[in-house]
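*Asks:* Based on the provided sequences and hints, a complete structural model is requested.
For the sequence shown, this note's numbering assigns the number 1031 to the initial residue and increments by one for each residue that follows.
Everything labelled a hint here was simulated from the structure, so no lab data went into it. It is possible that some hints are incorrect.
What the hints assert, rightly or not - List time: in silico DSSO-like cross-link candidates among lysine-lysine, alpha-carbon distance up to 27 Å:
| # | residue 1 | residue 2 |
| --- | --- | --- |
| 1 | 1296 | 1200 |
| 2 | 1200 | 1161 |
| 3 | 1200 | 1292 |
Stated by the list, open to error - Now the in silico label distances, taken between C-beta atoms and shown as ranges:
| # | residue 1 | residue 2 | range |
| --- | --- | --- | --- |
| 4 | 1162 | 1283 | 34 to 44 Å |
| 5 | 1182 | 1284 | 32 to 42 Å |
| 6 | 1161 | 1260 | 36 to 46 Å |
| 7 | 1278 | 1218 | 18 to 28 Å |
| 8 | 1310 | 1064 | 35 to 45 Å |
The beta-carbon is built from N, C-alpha and C at its ideal position, and this holds for glycine as well.
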Amino acid sequence: MISTVTTAESSYREHLAQQSPLLTSALEAAIPVDPSADDPASRLARGLCFMPSCIEDTERPPFSIARQSMMDHGVRQAALAAEICTDDEISRSLPTWFDPRLFGQLLITADVGLAFVPDTEVETIDTYGPKYAVNYEGHPEWGYRMAENISDLPDASSRILACAIGRHHKVQARHPYGLEWDQMRHHGIDTVGVDMLIAIQKPLDYFDDFFTRRGVEPGQYAARIAHPLRRFSLSIGAMLSRNLLLVGAAEARGFDLELPLKIAAKIQDVLLDDTSAIADVYRNLHAAA
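*Replies:* This is how it looks when you write it as structure tokens:
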């Protein structure tokens, strides 16, 4: 694993700096500028984002180059999560084991496997949504394999990050896909905790994905915010009913099953706040649509 800042990383950080200091800070919180400050999970995240990847006989450039817009998607979520998770109501509902840095790393790296999905398919889905997926549903597995190729996953945080990438579409309302637990190295990992982490991720991912989809009519800013969050709120029951074993385990641990809905509501509050820096980011996206 290289321990220096690559050209791809430098270029991507410059790209973010042109958009918002907030996004730069969100990336820095998850993947420090100085590699000597890395822990194993941030070292893995750095490699997933900024190093070329090879799976079998297919080579792809770094994720930040191959899928810059998708990496932007993750960094925006990390910036949004950083503000939302400090809210008193949300922070009280978060599990005691919740790690904000690891969560930010997951948000940024969840879709790295899309580097191995054909460009034309990614463009189609960006415009029309996942119902046109063919190879797209392989990206959790490819992301997990990228993580294993980069690192031998020597510690729990690295394994949690890799497994969460492999399962980040297993906890959702419609068409769940991704790896089963027996397809990944998960010895010593709290598998229920990983899936609960994905449930916490869902409203952030769902919102940014829908808000930025090119085929969506922009409309008014407030309506454009409310629409995906309303859709998510209507789907949360289906998401939980597909994961009854997870629900039972979560309830036994005292996990707040209303937390994804609380996060969705807080997204709307934050992005309608005229003083919010992350709201400025989304207002600029809206204006450019």
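*Asks:* Against the structure, test the hints numbered earlier, and report the numbers of the ones violated in rising order.
*Replies:* Of the numbered hints given earlier, those the structure breaks are 6, 8, listed in rising order.
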